[in-house]
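Build the full structure now, drawing on both the sequences and the hints.
Same order as they appear, the protein sequences are chains A and B. Residues 1 to 278 in our numbering are what the first sequence lists, from first letter to last. Residues 1 to 375 in our numbering are what the second sequence lists, from first letter to last.
Hints in this document: simulated from the structure, not taken from any laboratory. Remember, predicted model here, so these are calculated numbers, not experimental data. Hints are supplied without guarantee of correctness; some may be wrong.
What the hints assert, rightly or not - Pairs of lysine to aspartate or glutamate, DMTMM-like flavour, derived with a Cα cap of 20 Å:
id: 1; chain 1: B; residue 1: K45; chain 2: A; residue 2: E122
id: 2; chain 1: B; residue 1: K43; chain 2: A; residue 2: D222
id: 3; chain 1: A; residue 1: K182; chain 2: A; residue 2: E170
id: 4; chain 1: B; residue 1: K287; chain 2: B; residue 2: D76
id: 5; chain 1: B; residue 1: K43; chain 2: A; residue 2: E122
id: 6; chain 1: B; residue 1: K45; chain 2: A; residue 2: D220
id: 7; chain 1: B; residue 1: K43; chain 2: A; residue 2: D220
id: 8; chain 1: B; residue 1: K43; chain 2: B; residue 2: D31
id: 9; chain 1: B; residue 1: K101; chain 2: B; residue 2: D84
id: 10; chain 1: B; residue 1: K287; chain 2: B; residue 2: D84
id: 11; chain 1: B; residue 1: K94; chain 2: B; residue 2: D76
id: 12; chain 1: B; residue 1: K94; chain 2: B; residue 2: D75
id: 13; chain 1: B; residue 1: K94; chain 2: B; residue 2: D331
id: 14; chain 1: B; residue 1: K273; chain 2: B; residue 2: D52
id: 15; chain 1: B; residue 1: K296; chain 2: B; residue 2: D25
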Amino acid sequence: MTLEHRSNISKIISYSLLTLIAVAFLFPFAWMLASSLKPTSEVFSSGASFTGSRLAWDNYTEATRQTPLGRIILNSILVSTCGALLTMTVSLLSAYAFTRLRFRFRDHLFILFLGTLVLPQEVLVIPLYIGFQHLGLVNSYTALILPFAFGAFGAFLIRQFILSLPLEFEEAARIDGAGDLKILWHILIPLLKAPVLVVGVFSFIDYWSAFLWPLIVVNDADLATIPLGLQMFSGERGTDWGPMMAAVSMSVIPSFFIVAFLQSQLEKGVTLGAFGGR
Amino acid sequence: MFTWVSSESDRAQWQAFVDAVRETDPSFNLDFSGPSYNDYYTKAKTRMTASDAPGILTTQAARTKELVGIMAPLDDLIKKHGVDTSVFNSAMIKGMTVDGKIYALPYDAEPCVMFYNRQSFTAAGLTEPTTGYTYEQFLSDMKALTADGKVGIAVKPNLMDNAPGAFAYANGATALDDKGKLSLTSSTFVSSIQKAFDLASVNGYAKAPSASDGDEVAQGAFTSGQAASIIDGPWMYATFAEQLGENLGVCVIPSDSGQAIGVIQGSGFGIGKNCPDKDAAFKNIMKLVSPDVIGKVARTRGTVPSIISQIDGWAEGKPAGNVDAIKFLLDRGTALVTPTNWNQIVTSFTQYCPEGYRGSRTAADILKDLQESAG
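Listed below in structure tokens is the structure:
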């Protein structure tokens with residue numbers, strides 16, 4: 001067997017495996033779309049069939065009639081975008097403070113800050129709710145966005161990158177009279193674009209899929225995000241699966257474009273971890 | 001009012017109450033808000049502690065104990081306004097009572113029943129069951145109905161509103177003993193649950209569910225004709241009737257004696273602990289649970305009324321046999337009284353019961369684990 005033959009066989013195997021994996025990942029989406037076009041009564045009773053007795057396009061009109069779906073999708077985009085921007089800002093500033101500023105107990109405080117990573121969200125929900133209630137911020141966009149912008153994950157990730165940067169750039173800038181914010185803005189941010197965007201992308205995904213906190217803090221349907229909105233199809237007497245699947249299909253569209261737009265950053269996010277932040 | 005209201009069907013339910021009250025009191029107004037039915041109990045505990053919390057809230061009898069911390073007892077108001085609680089289904093009042101205090105007045109009383117497909121029974125040459133149904137007869141019917149890829153009964157991965165719990169209560173077992181302690185390992189409870197498991201693992205009269213199925217898979221099997229029967233609550237009557245029409249039959253739960261005891265579930269209206277004007281809130285509740293309003297909602301929405309004198313509203317247009325089965329179980333019903341960690345118990349049962357249905361674990365084994373972890 002020639003080297004070329006071996007290379008071709010290896011390519012065929014690789015592509016076959018990749019195709020299988022792609023099909024496995026795409027299948028739930030295909031099933032979701034197929035279910036969105038089945039009458040509700042047939043979503044669970046049509047067995048392995050991709051089609052129902054008719055194409056139920058009315059599921060899509062029902063989905064928008066039963067819930068303020070447009071508003072719900074816009075809420076998710078607004079909350080996730082603002083949350084991601086705030087998380088990037090807070091993470092960058094705190095990472096800079098924990099790396100470059102000198103103050104007492106800095107490293108001890110950082111370890112304490114990192115310790116918050118082990119606290120599950122369920123533990124934080126009640127104290128957070130009580131705090132927001134006292135501030136009169138329950139049932140507001142602020143309550144949806146603010147609490148989870150101050151996590152330690154982003155600060156930790158960016159801090160590791162700052163640590164790997166040579167101090168000489170900053171020292172040169174400081175000799176030229178630059179202060180901390182100027183150094184951060186003109187020297188560090190251009191070098192930290194990749195990790196900051198990775199933090200933004202992960203944060204966007206977290207906000208987009210958050211359920212428990214929005215459930216607790218939102219009282220009006222007008223403030224609901226997509227995970228809450230989809231629950232509006234479930235009632236005491238069952239779930240309207242057809243319209244729900246139609247709503248899921250529609251709510252996936254913005255995230256599809258966002259992921260396509262940020263694909264290179266997502267890839268960086270995966271590879272950054274693999275190389276230990278260098 | 002704080003309640004489960006996010007779906008269209010739920011909104012229609014509460015609007016039916018408002019409309020019914022307005023027929024005699026046009027000035028009556030009631031705003032309702034809240035999350036979906038599935039998220040209600042998670043949300044209620046925080047929402048009802050807020051300074052702007054709604055005055056009235058709803059609760060299921062089986063979960064009243066869980067909400068006692070955010071609800072006000074109604075006994076003094078019941079006494080003050082001379083409300084006669086004996087007109088309500090006694091099992092529902094018992095379900096709404098915690099430590100001797102009534103926390104809500106019920107609007108429905110729904111005994112778990114067996115729905116069956118009349119056409120399937122007739123095609124198999126079987127006599128339709130109604131108010132008397134022995135387990136022996138049930139097994140014989142299931143055998144005749146299981147053929148050509150179709151099964152006799154559809155089972156869900158749940159404890160209640162389903163074969164396991166319904167069989168246990170029908171035979172006189174309850175989740176709590178006389179002293180209020182969890183008693184999942186009593187011999188009747190264990191043998192009844194095992195009977196439900198055997199339907200799939202031994203007899204092959206049912207398909208074993210998986211833990212992730214939810215209710216819909218079994219319900220879909222029943223409405224599509226893949227299963228000839230299902231055990232569920234009467235709140236599913238309209239949904240099933242929409243699919244099966246005149247072919248929808250209702251009978252009592254099969255039991256050893258043939259005279260099943262019904263396990264009655266339902267919901268009611270209570271008052272939030274922080275409500276600033278509990279008297280005004282109670283007056284509104286009195287309007288919502290007046291016999292006239294309960295009867296009208298039973299007629300328009302198909303809720304089995306908590307006031308038995310209003311059953312005719314619910315029975316309108318339904319076959320006599322179906323109504324008889326519901327009446328029989330209401331008369332011989334017991335409340336689903338549960339401990340505060342009931343949600344943990346039923347969630348664990350959902351996780352473990354597929355092993356029982358597949359025959360890899362016995363009911364005694366699963367229930368022993370549940371009793372030890374939650375008892």
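Hints not upheld, ascending by number: Those not satisfied: there are none.
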